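**Student:** Please model the complete structure; the sequences and the hints are all you need to start from.
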Amino acid sequence: MSHKFPPLNLPPAPLPLAQKDGDIYVWDAIRKKQLKLTPEEWVRQHLIHFLQSLGYPVSSFALEGGFVLNNSLRRTDILIYKNAKPTLLVECKAPKIKITQTTFDQAARYNLHYQTPWVVLSNGLQNIAAQVDYQNSTYHFLKEIPHFDEI
Numbered sequence: 001m002s003h004k005f006p007p008l009n010l011p012p013a014p015l016p017l018a019q020k021d022g023d024i025y026v027w028d029a030i031r032k033k034q035l036k037l038t039p040e041e042w043v044r045q046h047l048i049h050f051l052q053s054l055g056y057p058v059s060s061f062a063l064e065g066g067f068v069l070n071n072s073l074r075r076t077d078i079l080i081y082k083n084a085k086p087t088l089l090v091e092c093k094a095p096k097i098k099i100t101q102t103t104f105d106q107a108a109r110y111n112l113h114y115q116t117p118w119v120v121l122s123n124g125l126q127n128i129a130a131q132v133d134y135q136n137s138t139y140h141f142l143k144e145i146p147h148f149d150e151i
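In terms of the numbering used here, the sequence shown has 34 at position 34, counting the first letter as 1, and numbering is strictly consecutive.
It is worth saying that the hints were derived from the structure and are not from the lab. Every value quoted in this text rests on a predicted model; they were computed, and no experiment measured them. Some hints here could point you the wrong way.
What the hints assert, rightly or not - No more than 25 Å apart at the CA atoms, straight line, and that leaves these computed lysine-lysine pairs for DSS-like: (1) K82 - K32; (2) K20 - K33; (3) K36 - K20; (4) K20 - K32; (5) K4 - K98; (6) K32 - K85; (7) K36 - K98; (8) K96 - K143; (9) K4 - K85; (10) K36 - K4; (11) K98 - K143; (12) K82 - K36; (13) K4 - K20; (14) K96 - K36; (15) K82 - K4.
What the hints assert, rightly or not - Pairwise CB distance ranges, derived in the manner of DEER restraints: (16) Q101 - N136: 26 to 32 Å; (17) A94 - G55: 25 to 31 Å; (18) G55 - F141: 38 to 44 Å; (19) P16 - L142: 29 to 35 Å; (20) P14 - A94: 19 to 25 Å; (21) Q126 - H147: 16 to 22 Å; (22) T102 - L35: 41 to 47 Å; (23) Q19 - S72: 20 to 26 Å; (24) A84 - F141: 24 to 30 Å; (25) P16 - Q135: 41 to 47 Å.
For glycine and all other residues, C-beta sits at the position ideal for the given N, C-alpha and C.
**Tutor:** See below:
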């Protein structure tokens with residue numbers, strides 16, 4: 001059923017898929033609803049499962065939260081809370097969207113609103129993780145996405 005969705009550079013996820021009227025839907029266990037499976041949702045659902053394998057509890061996830069940036073409504077793909085504070089912002093892209101400085105800048109702009117100390121950007125094929133150094137206005141890029149205990 002996932003023939004139009006490419007294999008990702010993430011561990012396989014046991015996604016509950018269903019077909020309806022020619023479209024594929026995935027059950028989102030965090031939002032507790034069926035969602036149309038788009039390429040970006042394919043990446044988001046795999047990242048959710050991967051983050052859970054890294055110790056991120058279901059209760060720490062907030063998905064597609066809205067906020068206003070430059071008078072426009074924007075949505076974060078995944079926001080991780082720790083100790084009731086936004087701690088890690090995750091921006092998901094479809095696999096065909098290349099991860100570039102421009103896509104990273106988008107995640108960084110979104111993070112201006114939340115001021116999280118950690119940012120992750122993924123198209124499912126490439127995963128970029130960075131720790132934000134607000135004192136020096138820089139990012140320290142990491143070799144891998146940190147475990148929940150490390151953030």
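**Student:** Taking the earlier hints as the rules, which of them does this structure contradict?
**Tutor:** 9, 12, 15, 16, 18, 22, 23
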